[in-house]
Amino acid sequence: ETGVTQTPRHLVMGMTNKKSLKCEQHLGHNAMYWYKQSAKKPLELMFVYSLEERVENNSVPSRFSPECPNSSHLFLHLHTLQPEDSALYLCASSQGQRMNTEAFFGQGTRLTVV
Amino acid sequence: GESVGLHLPTLSVQEGDNSIINCAYSNSASDYFIWYKQESGKGPQFIIDIRSNMDKRQGQRVTVLLNKTVKHLSLQIAATQPGDSAVYFCAFGSDRGSTLGRLYFGRGTQLTVWP
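Quick note, the sequences are listed as chains A and B, same order.
Numbering of the first sequence is given in the working numbering, commencing with residue 1 and proceeding in unit increments.
Numbering of the second sequence is given in the working numbering, commencing with residue 1001 and proceeding in unit increments.
Hints are computed from structural coordinates only; laboratory data are not their basis.
Model, not experiment: these values are computed from the prediction.
Think of the CB as a built atom: it goes at the ideal place given N, C-alpha and C, for glycine as much as any other residue.
Hints are supplied without guarantee of correctness; some may be wrong.
Said to hold, decoys possible - Once the Cα atoms are required to be at most 30 Å apart in a straight line, the calculated DSS-like pairs of lysine-lysine come out as:
1) B:Lys-1042 / A:Lys-36
2) A:Lys-18 / A:Lys-41
3) A:Lys-40 / B:Lys-1056
4) B:Lys-1042 / A:Lys-22
5) B:Lys-1068 / A:Lys-19
6) B:Lys-1068 / A:Lys-40
7) A:Lys-40 / B:Lys-1042
8) B:Lys-1042 / B:Lys-1056
9) A:Lys-40 / A:Lys-19
10) B:Lys-1071 / A:Lys-22
11) B:Lys-1042 / A:Lys-19
12) B:Lys-1071 / A:Lys-18
13) A:Lys-18 / B:Lys-1042
14) A:Lys-18 / B:Lys-1068
15) B:Lys-1068 / B:Lys-1056
16) B:Lys-1042 / A:Lys-41
17) A:Lys-40 / A:Lys-22
18) A:Lys-22 / B:Lys-1056
19) B:Lys-1068 / A:Lys-22
As the list claims (entries may be wrong) - Computed footprint of chain B on chain A; a stretch qualifies when at least three of its residues, placed anywhere within it, have a C-beta under 8 Å from a C-beta of chain B:
20) 13-20
21) 39-46
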C-alpha cells in the first residue's frame, strides 16, 4: 500500500455514460495529480492540484472534469467519453507541487470505453 | 517539446545477473531524474532519484548514473531477482519556470528476469 487509494480499480462505461473516478490519500500531502497511462505511451500529466487549487490543466478535453474538495480527495468526472480514452488513470500525491521522492502513485483505475 | 526515450523496450536477464536500463533525455535544464518501477496491476513506485549536480547515486542493489554531457541516464540493478520483473520508467523534472512540478516520463522498459 502506498497510501494513495483509487476506486474503482476497473470501470467499463458506454460513451453516453457519466462516471467518476475517486482518489484518496492518507499521507498528509498537499498536491495531487491525475495521469493517463495508455499502452506504449509515456505517462501523460492531466491535472495538478496544489492546496486544493487547480494549478495545471494540460490541454485535457472538457469531457474530463477534475474536482478536489479537500487536500485528501481528488475526483475525475467523466462524461461522453470516446473509445480512445480507454487507459489506466493514475492518481498521485506529493508534499508540495514538485514531484520527487515524496510522490506516491495509486494503483490506478483501468477504464474501458465501449 | 520535451522527450524522454529509452534505448530498448524490453530487457531479459537471468536471475543473479546485473541489469542495466538506459534512458536518454533532451532537456538539459532538468534538475532531477527519477526511476520508477511499475509491476503489473500496480501504479509506478519510486526507486531512486538523482539531482543534476550528481553523476552517481547508490541505493539498495540499485545505482543510478547520470551523464549530462550526452544526456543519458541509466539504472543498474545488481543481482537481479524475479521480483525485479516490471516496467521501469525514467522521468525528469525541473525546479524552475513553467515546468515546475511537472514530470516527463519515458515509455518504459519491460524487464523480465528468468530463473
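Consistency of the hints with the structure:
| no. | hint | in the structure |
| --- | --- | --- |
| 1 | B:Lys-1042 / A:Lys-36 | 14 Å, holds |
| 2 | A:Lys-18 / A:Lys-41 | 26 Å, holds |
| 3 | A:Lys-40 / B:Lys-1056 | 29 Å, holds |
| 4 | B:Lys-1042 / A:Lys-22 | 16 Å, holds |
| 5 | B:Lys-1068 / A:Lys-19 | 45 Å, violated |
| 6 | B:Lys-1068 / A:Lys-40 | 26 Å, holds |
| 7 | A:Lys-40 / B:Lys-1042 | 16 Å, holds |
| 8 | B:Lys-1042 / B:Lys-1056 | 28 Å, holds |
| 9 | A:Lys-40 / A:Lys-19 | 25 Å, holds |
| 10 | B:Lys-1071 / A:Lys-22 | 37 Å, violated |
| 11 | B:Lys-1042 / A:Lys-19 | 22 Å, holds |
| 12 | B:Lys-1071 / A:Lys-18 | 44 Å, violated |
| 13 | A:Lys-18 / B:Lys-1042 | 25 Å, holds |
| 14 | A:Lys-18 / B:Lys-1068 | 46 Å, violated |
| 15 | B:Lys-1068 / B:Lys-1056 | 11 Å, holds |
| 16 | B:Lys-1042 / A:Lys-41 | 17 Å, holds |
| 17 | A:Lys-40 / A:Lys-22 | 25 Å, holds |
| 18 | A:Lys-22 / B:Lys-1056 | 38 Å, violated |
| 19 | B:Lys-1068 / A:Lys-22 | 39 Å, violated |
| 20 | 13-20 | violated (count 0) |
| 21 | 39-46 | holds (count 5) |
Checked against the numbered hints given earlier, the structure breaks hints 5, 10, 12, 14, 18, 19 and 20 and satisfies all the rest.
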